[in-house]
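In order, the protein sequence lines correspond to chains A and B.
Reading the first sequence from the start, the letters are residues 1 to 181 in this note's numbering.
Reading the second sequence from the start, the letters are residues 1001 to 1336 in this note's numbering.
Honestly, I wouldn't trust all of these hints.
Under the rule of at most 30 angstroms between Cα atoms (straight-line distance), these lysine-lysine pairs were calculated in the DSS-like manner [stated by the list, open to error]:
| id | chain 1 | residue 1 | chain 2 | residue 2 |
| --- | --- | --- | --- | --- |
| 1 | B | Lys1315 | A | Lys165 |
| 2 | B | Lys1201 | B | Lys1321 |
| 3 | B | Lys1105 | A | Lys170 |
| 4 | A | Lys148 | B | Lys1141 |
| 5 | A | Lys170 | B | Lys1078 |
| 6 | B | Lys1266 | B | Lys1078 |
| 7 | A | Lys170 | B | Lys1141 |
| 8 | A | Lys148 | A | Lys128 |
| 9 | B | Lys1266 | B | Lys1141 |
| 10 | B | Lys1078 | B | Lys1097 |
| 11 | B | Lys1161 | A | Lys165 |
Read the hints as simulated data drawn from the structure, not as lab findings.
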Amino acid sequence: MRTLSALVLTLAGSLAAACGSHTQAPRWSSIDSGAAPASTQDIEVPPPPFSEGVFPCTDCHDPELPFNPKPRKLQMAHQDIVLQHDAEHRWCLDCHSATERDKLHLASGELVDFTESYKLCGQCHGDKYRDWRAGVHGRRSGMWDGHKSYLLCVNCHNAHSPAFKPLQPKPPPPRPHGGDQ
Amino acid sequence: MSQHESNAHSSPGCGAHACNCAGESEAELLEVPLTDGPIDPEIEAATRREFLCIVAGCAAALTVGGCSEITHTNFFQKRFRELGPEERASVIAGLEKEYSERFGKAVTVSTQPAREDVQFGYALDISRCIGCRRCVYACVKENNQSRDPQVHWIRVLEMDKEAGIDFEHANAYYDAETVPRPGHFYLPTACQQCDNPSCVKSCPVGATWKEPDGIVVIDYDWCIGCRCCMSACPYGARHFNWTDPSLPSEEMNPETHYLGNRPRMKGVVEKCTFCVQRTRQGRYPACVEVCPVGARKFGNLSDPNSEIRYILEHKRVFVLKNELNTRPRFFYFYGL
Chain A
1 MRTLSALVLT
11 LAGSLAAACG
21 SHTQAPRWSS
31 IDSGAAPAST
41 QDIEVPPPPF
51 SEGVFPCTDC
61 HDPELPFNPK
71 PRKLQMAHQD
81 IVLQHDAEHR
91 WCLDCHSATE
101 RDKLHLASGE
111 LVDFTESYKL
121 CGQCHGDKYR
131 DWRAGVHGRR
141 SGMWDGHKSY
151 LLCVNCHNAH
161 SPAFKPLQPK
171 PPPPRPHGGD
181 Q
Chain B
1001 MSQHESNAHS
1011 SPGCGAHACN
1021 CAGESEAELL
1031 EVPLTDGPID
1041 PEIEAATRRE
1051 FLCIVAGCAA
1061 ALTVGGCSEI
1071 THTNFFQKRF
1081 RELGPEERAS
1091 VIAGLEKEYS
1101 ERFGKAVTVS
1111 TQPAREDVQF
1121 GYALDISRCI
1131 GCRRCVYACV
1141 KENNQSRDPQ
1151 VHWIRVLEMD
1161 KEAGIDFEHA
1171 NAYYDAETVP
1181 RPGHFYLPTA
1191 CQQCDNPSCV
1201 KSCPVGATWK
1211 EPDGIVVIDY
1221 DWCIGCRCCM
1231 SACPYGARHF
1241 NWTDPSLPSE
1251 EMNPETHYLG
1261 NRPRMKGVVE
1271 KCTFCVQRTR
1281 QGRYPACVEV
1291 CPVGARKFGN
1301 LSDPNSEIRY
1311 ILEHKRVFVL
1321 KNELNTRPRF
1331 FYFYGL
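With these hints in hand, go ahead and build the complete structure from the sequences.
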């Protein structure tokens, strides 16, 4: 059974909605020095928003066992993941490492941690990556002239289904004098 | 003027002070030269003071009783920019005491001035905004706007993608299960902190001006509620307190600035101040931090490495109603 699981389970982790991250103790890390303009070195990013209990991946995925690289319908686990990210051309192991199960890999094969997933995203979305580094894409909080925090790409975009989800708007302002127009 | 009149009626016995006031030398009134506004502020200040003194004198003649110190201080308080260090400290101490008692918590009123070498600028990515109005309510919470009737400094306009930017047919009252609604885009507006502000020019009493860091502020204690600035503003950014603002104690933000989010009174105009109480401490405005799509950007235009400069140099940027030559500090851009 363990062997079968390892064969079937190829996805390293599924991403929860943004609220999922709140259940974890904050483990903020600094992004690498090349990721920001010189004036804004003092930057933090939050931990990636894993679903409860999916990390580390090696808890289930034994790296010693063989893996199945073929795209297929997952049946043993991770069925909640809906892949809407160029699904036609992409499968789990394009981003998740098959041999180092707790890491991601770039197109070059270089391994990256989940805390640096922006490097992976930036391979295809270079324009957004540049804007993000400059503080123009994505939300920042903190000080405009000092210590600030970014969000990772995956804090807003579910990596498996990255389109930003519609939100319910807050109530409209009252009309003047209670009129209709 | 109603505010001052009501003060006068509730402060019997001010006649003696009124007489002193009337005897104030013109030289004293001219201590701090004022530069904003089309009216000669020196003449204006003198005539306004005389008028107030007459009103106060009449009120005093009609009533008998004592004059409370606070009311007297409020009534004869100079405009904020004319206050000396001691007077300013006394005014702030009075306000902090008053607000702390009224709201049952320790309220601070900052007078932190503009920092040198800082010119604030704001940019909003209209290719990202989804019209969720999180900014509107974060602003209300941060800046102590009236909850009933509601006063919103930010107004999010829904526009038709086919029609483009068209204020005449924009809808601020849209409601939907989810946003963005198909076929629409969203353009939030608030004070544009113009470098050539028509509101400042239109104020007959010099109660509103542009600070050295670019923020247009209002001295609520000097505003007479004439609403000239509201009619002069082409962006609908100024809002009037038609009634006493209601602000529940538990929702009151106790970190305030004299020229920003301190509690306002009936009969005065208010507007966005780029969260002066936050941004002069180096923090982002509340709307920037709450925006779920990161469409709102803020920073120092004088810093070539700031986010705002990056946007101005790399993105397609525009301002609203450019043809009016108001020269806004609030830029809109297409981030895509």
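List, from low to high, the hint numbers that the structure doesn't satisfy. Those not satisfied come down to hint 5.
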